[in-house]
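2 protein chains.
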Amino acid sequence: MTDTALAETVDIAALMDEMGRRARTAATALADASTNAKNAALDAMAAAIDAARTDILAANEKDIALARERGRPEAFIDRLTLNDARIDAIIDSLGVIRDLPDPVGSVIDEWQRPNGLRIARVRVPLGVIGIIYEARPNVTADAGALCMKSGNAVILRGGSDSIESSAVLVRCLRQGLQEAGLPEDVIQMVPVADRAAVGEMLKGLSGNIDIIVPRGGKSLVARVQEEARVPVFAHLEGLCHTYIDADADVEKAVNITLNAKMRRPGICGATETALVDAAGAERLLKPVVEALLEAGCEVRGDAQVQAVDERVKPATEEDWRTEYLAPVISMKVVNGVEEAIAHIRRYGSQHTDAIITENDETAEKFLKEVDSAIVMRNASTQFADGGEFGFGAEIGIATGRIHARGPVGLEQLTTFKYQVRGNGQTRPA
Amino acid sequence: MTDTALAETVDIAALMDEMGRRARTAATALADASTNAKNAALDAMAAAIDAARTDILAANEKDIALARERGRPEAFIDRLTLNDARIDAIIDSLGVIRDLPDPVGSVIDEWQRPNGLRIARVRVPLGVIGIIYEARPNVTADAGALCMKSGNAVILRGGSDSIESSAVLVRCLRQGLQEAGLPEDVIQMVPVADRAAVGEMLKGLSGNIDIIVPRGGKSLVARVQEEARVPVFAHLEGLCHTYIDADADVEKAVNITLNAKMRRPGICGATETALVDAAGAERLLKPVVEALLEAGCEVRGDAQVQAVDERVKPATEEDWRTEYLAPVISMKVVNGVEEAIAHIRRYGSQHTDAIITENDETAEKFLKEVDSAIVMRNASTQFADGGEFGFGAEIGIATGRIHARGPVGLEQLTTFKYQVRGNGQTRPA
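Chains as they are written, first to last, in my numbering: chain A, 1 to 429; chain B, 1001 to 1429.
Keep in mind the hints are simulated off the structure, nothing from the lab. Since the model is a prediction, treat every value here as computed from it, not as a measurement. Treat the hints with care, as some may be off.
Estimated spans, in silico, between C-beta atoms of each pair [as the list claims (entries may be wrong)]:
#1 A:A29 to B:R1321: 52 to 62 Å
#2 B:R1021 to A:E61: 25 to 35 Å
#3 B:N1036 to A:G266: 29 to 39 Å
#4 B:E1226 to A:G296: 48 to 58 Å
#5 B:T1025 to A:E61: 49 to 59 Å
#6 B:N1036 to A:D109: 49 to 59 Å
#7 B:N1036 to A:A29: 47 to 57 Å
#8 B:D1360 to A:E411: 21 to 31 Å
#9 A:A51 to B:R1283: 54 to 64 Å
#10 B:T1035 to A:G71: 38 to 48 Å
#11 A:A29 to B:A1307: 32 to 42 Å
#12 B:T1035 to A:W111: 16 to 26 Å
Beta carbons are placed, not taken as given, at the ideal position from N, Cα and C, and that holds for glycine.
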């Protein structure tokens, strides 16, 4: 029975439960698959996608037409749109993932006890991962490939707007698995747009989902936090700060702040608030504000920032809490690193925060005391990215504190177990 | 206002919320405390407990009297009972924790990117830990000390039966913190027996609890799984297996199985089911069954096991699913390691499972394919313990897959952050 036929004949709960069971079976088989088999599957997936360009583009046209009917904004349609160059990028990304080292089976730590027991801590897959994301077809391929390479089965639930494009891509991914002799059900896509499917995933499919990775806006994250009965790699938001210390180099302050905000204002690692040390404000504030304004950034500031340039708009309390994801920045003058840290603690989202300073002591204080997944000195917050960290690829950035924090790459998609090797040891009373 | 006065004047939700705020403030201060200060606090806690023996024993007598009134079983009363030797053990345990290396600030990993960015992955505390446990006063001291040494604040919610004993112990722990110049609110105890307090903790106290560690029976764990809105280090149950392979040494098989079941039948690492390879049953089954029966263990087996000795009782399907925590074992003959692994996959709790064999290939297959927190070869499952692993002390064993798996020691009570050190890097478009 095809997935589509299945969707027509059974209710959502039964459909999802069946997907969970299939995923568990596939995960169990995949956990012991060789790196070669997984890499062969990635190559076959890339070839299948290359061969299916016509189908992919036709399906994508249907998605786009429906999205236009639904009145989606242009930025949304742009993220949804595929073309030959974007299909090339998807294929390239599969090659990158193939070339990454396989984390499964690697020994994290090893030691021997006085009684002779040898203990090893070894990486193993998480199991079954549920990914709930918005209408970006490239995520379908990336997430599927990353989960598979790290030994996990995955249930993908993409936005309904990309359902046709994603279905063709998933067909190609499953074809790749089959050609490599791996179970197709390692990668499954929820074949219906019904929101009830998300609810079932959040309940954990009778123990057949080990972790949920939500990739979406605040309403999705809020729903996940309320309903999830399984662990979640949460991405709350990226309310990132750049603090310009009195001991900052002015050129670094200008270049880094500009890049941190304006390189791509819409990514989660973009700086939303710049804090400037009062003791350095006279020297540092004006060049930074002018550079941002010249680059087309709207600046909202406190009284001191407003005094620098008449184009600066007043910032309200709400601005310190806002992730603009747009060419807008809030700016505030603070009394030194202590007040900067306090502001970040109060308003930040524990994603990425940076200090610009030439003073080692101040820098180390900031790096130690700011409790975010990523803390930086003299670098752009836009480096908060798995690729930039050397992870090769990522499925997202986690802002929670448990298991994965920061970029979620292959290694973060695994867990571990202890292997204990003895020669007859019994535990004394 | 004392905690007791507080409990009388406000409702549970407000009380718990206030505890959460205090914990967060204390955790923030403690995160940067020196190892010396934390160790000084542990010494002062030990001294305070030593000085308060009379108060502790008097409080404990009240608890015991009430527990007897409530008709609690003797085993329960025994776990609740303190005496001078048990107070000595609590004091010794604080000394052990003081001597353990401080995980906070240690560098897990460090690398440099081609653009010159230096990235370090550094251990940091989890934050605020909520511990929900039963009436064992020693857990109060152990859990408080472990959380504090790993840089975390803790909210303890012990069983109502030990509330008087725990209150005096917590007073001593807080005195120790104060004497070392650390915030008392690093260790707080819920001062009321109301079960609603647990509900508030599971809701996360407005973001002021980072993780819940339940230590208790199935009904507590079920409640936690249903209600928790924050991550949980779950301990489902310890349905541990020992598989005796055809290539097992008979002496090891007998000694290990006997120890795995009977050393302490009530701990979570005790073996509940022994599986015996059909190909070795003639040689191995009888000696193992006889040894267990001679040691006073009730044996429940399938037909082949029953045929060995008339004292063996029949096992039902329910037996394969039962964590006896008692001198009872279920036994089954299986067709080789494949069937043993399938049985463990179906009935196990992913806690600890062992194989007894002299065959390296079979052993490695078992260690690789059994997906439990701890897998063992030729050793007793009763070694599933933080102390035996060399962790020094543990707060419990986690059977979940995320973050902590197996013994939860100091290191598992931390998370990490990335510190990125640059010299002006901006991210290219």
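*Please flag the earlier hints that this structure goes against, numbers listed from lowest up.*
Hints 1, 2, 3, 6 and 10 contradicted; others consistent.
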